[in-house]
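Enquirer: Sequence:
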Amino acid sequence: MASVTIRESGEKISCRTGENLLNVLLESGIFIDNPCNGTGVCGKCKIKVSSGILSEPTGTESSRLSPMEQEAGIRLACMADVQGDVEVELLNRDQIHKVLTNGYVPEFEMDSFEDGYGIVIDIGTTTVVTALVELRTGKELADASMLNAQKRYGQDVLTRITYEYENPDQGAEELKDAIVRSINAMIEEVCREAAVDKEGICAIHVAANCTMMHMLLGVDARPIGRAPYEPVFKEARELAAKEIGLEAGEGTKLYCLPQVSGYNGADIVAGAYVCRLQEEKENVLFIDIGTNGEIVLASGGRLLCCSCAAGPALEGMNISSGMRAAEGAVEYAVITEQGVKLSTIDNKEPAGICGSGILAVVKELLRTGIVRKTGAFIKKDKLPETDYRYPMIQMNGSKREFILHEEPRLLVTQGDVRQVQLAKGAILSGFTALLAKAGISMHDLDKVMIAGQFGAHLSADSLTGTGILPIEVEDKLIYVGNSSKTGAYMTLMSKRARQEVEELARKMEYMELAETESYERIFTESMIFPEYP
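Mind the numbering: the sequence shown is residues 1422 to 1954 in our numbering, read in order.
Hints should not be assumed to be uniformly reliable.
To be verified - With a cut-off of at most 27 angstroms between alpha-carbon atoms, the simulated DSS-like pairs for lysine-lysine come out as follows:
no.	residue 1	residue 2
1	1868	1702
2	1928	1868
3	1868	1858
4	1803	1820
As the list claims (entries may be wrong) - Each pair of labels, with its calculated beta carbon distance range:
no.	residue 1	residue 2	range
5	1449	1674	32 to 38 angstroms
6	1927	1476	39 to 45 angstroms
7	1769	1936	29 to 35 angstroms
Read the hints as simulated data drawn from the structure, not as lab findings.
Where a beta carbon is used, it is the ideal one built from N, C-alpha and C, also for glycine.
Work out the full structure, taking the sequences as your base and the hints as a guide.
Expert: In C-alpha cells, the structure reads:
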C-alpha cells in the first residue's frame, strides 16, 4: 500500500502501489483537467511532486513537458504511477468560470398556476445551469451554475461514451450519478438563496444535448457513438424526478425536452423554438457553436438541421496554451508594431487562451500576414530582422511558433492554428451544405442567430476574420444567449409551448453531412482562411 498527500489541503489518500495517479485523484473526488481522458495527449493534468516516488517518465510524457518543467518536478498525473508514499501539488485547478445563464425570451402566453415552484436546467457537455422559478408569476428567483461533473470521465461526449464502452457494467450509472449529484447540489443552492423549501418544487424541465440527456437518465449512450449514430430515444420524456435520484418534492415530475438526432439534441430544439424558427418567413441560420456545432436553417417553410464536429479548440482545449473561459483567460488580442495587446477575463494576469481568444489571435495572425490563408506560418528567415513581426516568431526545432505573451509564456503553434482551421472547416462546411440543400446562398441569408455559452463571447470580426462566417453576414448577426435554458423555461410555464416544442422536433429535418454529395470537397474548400490585402 501507498499514499498520496495533497500539499495544499493536507488530505491523505490511500492507494495501491503501482496505481495510476490520475485515477487515484479522480476516484477521491479531486478533479484536474484531463481533456484526452488520460491518454497523455493533451498535457493538461500537470502536478508537481513535492516528495516521494512516482514511476519514471515515459517518452510521451517527456514530449509534453518542457525541460524546465521536468527539472521543477512537474509530471503528468495520467502518465505517473504511485510507487510509494508521495506528496503532490495540484496545478491547473479549476478557476472561476464564466457561465452564461440568461438569454433572449420571446413573448408567450403562460399558464395559470396557484402556487409552487419549478426548476429549469440546461445541461451542456462543459457546464450546467439551473434556475428556480416561481410558477405563479414566472419570476426567476435564483440561479446557479457549475462545471459538469461528468468531465472527470472525459471532456467531450465521445470520450464519455468511450467510458461507457470501457466500463459496460457501471459506466452509465456512474455518469448518471455524477450529473444527478451536481443538479441536487444546485437545487439546494437556489432554494437556499431564495429561502424556498425544495418540497415545494412541482416540476423540473431539462434541455440538453442528446448524449447528456441519455446520461442524465442512465440510458445507454453507446449507440450515439457508432454508426448509424441513432440514440435510444428522441422523444420527450416525463417521469418522477426521484426515479433518477433528483431530490425535490415527493411528487416532482421531470420533463426532458425532445431531440431530433444523436447530435441535434433538445438544446437545439429549444433554441429553434425560442427563436421562433418555425414561424420565420425569411432565411435564418441558427447555430450553437461548441465542441459540436449544431446548425438549423429556416428557409421556405423547412427547418433543415445538421451537426458538425468542430472539436474542442473553440472551447480552449487541444490548444498548447489553452484553457476554458475562466479568469485570466485571454479573450481578445490585437497585434501591433509595438507588440501584442491582450484582453483577459476579469482583467487578471494572462493564464492561458480560451476559445474566443484563440479565434481572435488567429484572426490577427491572418491580418498581419504571420499566417497565410493555407494556415501555414510564414518563414521567419524570409522576414528582415527590422520587421516588427520578426521577434514575435520563434523556432522550436523546425517548427514556427508565435509568442503571444512572455511571462507566463503563452504560445500559438502551427498545431493550434490547424485545430482552429479544422473547426472552421467543419462549421462553414455545415453552413454551406445546408444552404445548398435549401437552394440558397450566403447572400440570401437575412439573419444569423448565435446561441450558447461560447457564441456569446465571439465578436463578429473574429467570426468573419477567421472565415467561420463569410463577411457578407457580419451585419446580420444576432446573439440570443442561453436559448437552451430559455426553451426549458417556456415549456415549464406553458403547456402550449411544450406541445409546440414536441411538434417542432418532429418537423425538423436532419441532414447527415457525411452523406452529402461532394462534402469532402466542400469541407476542403471551407478550411481555407480569408486572404487579407
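Enquirer: If a hint holds in the structure, say so; if it does not, say that too.
Expert: Results of checking the hints against the structure:
Of the pairs offered as hints, the one joining residue 1868 and residue 1702 holds, with about 11 angstroms between alpha carbons and a cut-off of 27 angstroms not exceeded. Between residue 1928 and residue 1868 the CA atoms are separated by roughly 21 angstroms; this keeps the pair inside 27 angstroms, and the hint holds. Taken as a hint, the residue 1868 and residue 1858 pair is honoured in the structure, with Cα atoms around 18 angstroms apart against an allowance of 27 angstroms. Proximity of residue 1803 to residue 1820 is assessed by CA-CA distance (about 15 angstroms); at most 27 angstroms being required, the pair is judged to hold.
The beta-carbon spacing between residue 1449 and residue 1674, approximately 35 angstroms, falls within the hinted interval of 32 to 38 angstroms. Checked against the given bound of 39 to 45 angstroms, the beta carbons of residue 1927 and residue 1476, roughly 54 angstroms apart, lie outside it. Residue 1769 and residue 1936 have their C-beta atoms about 46 angstroms apart, which leaves the hinted 29 to 35 angstroms range violated.
Checked against the numbered hints above, the structure breaks hints 6, 7 and satisfies the rest.
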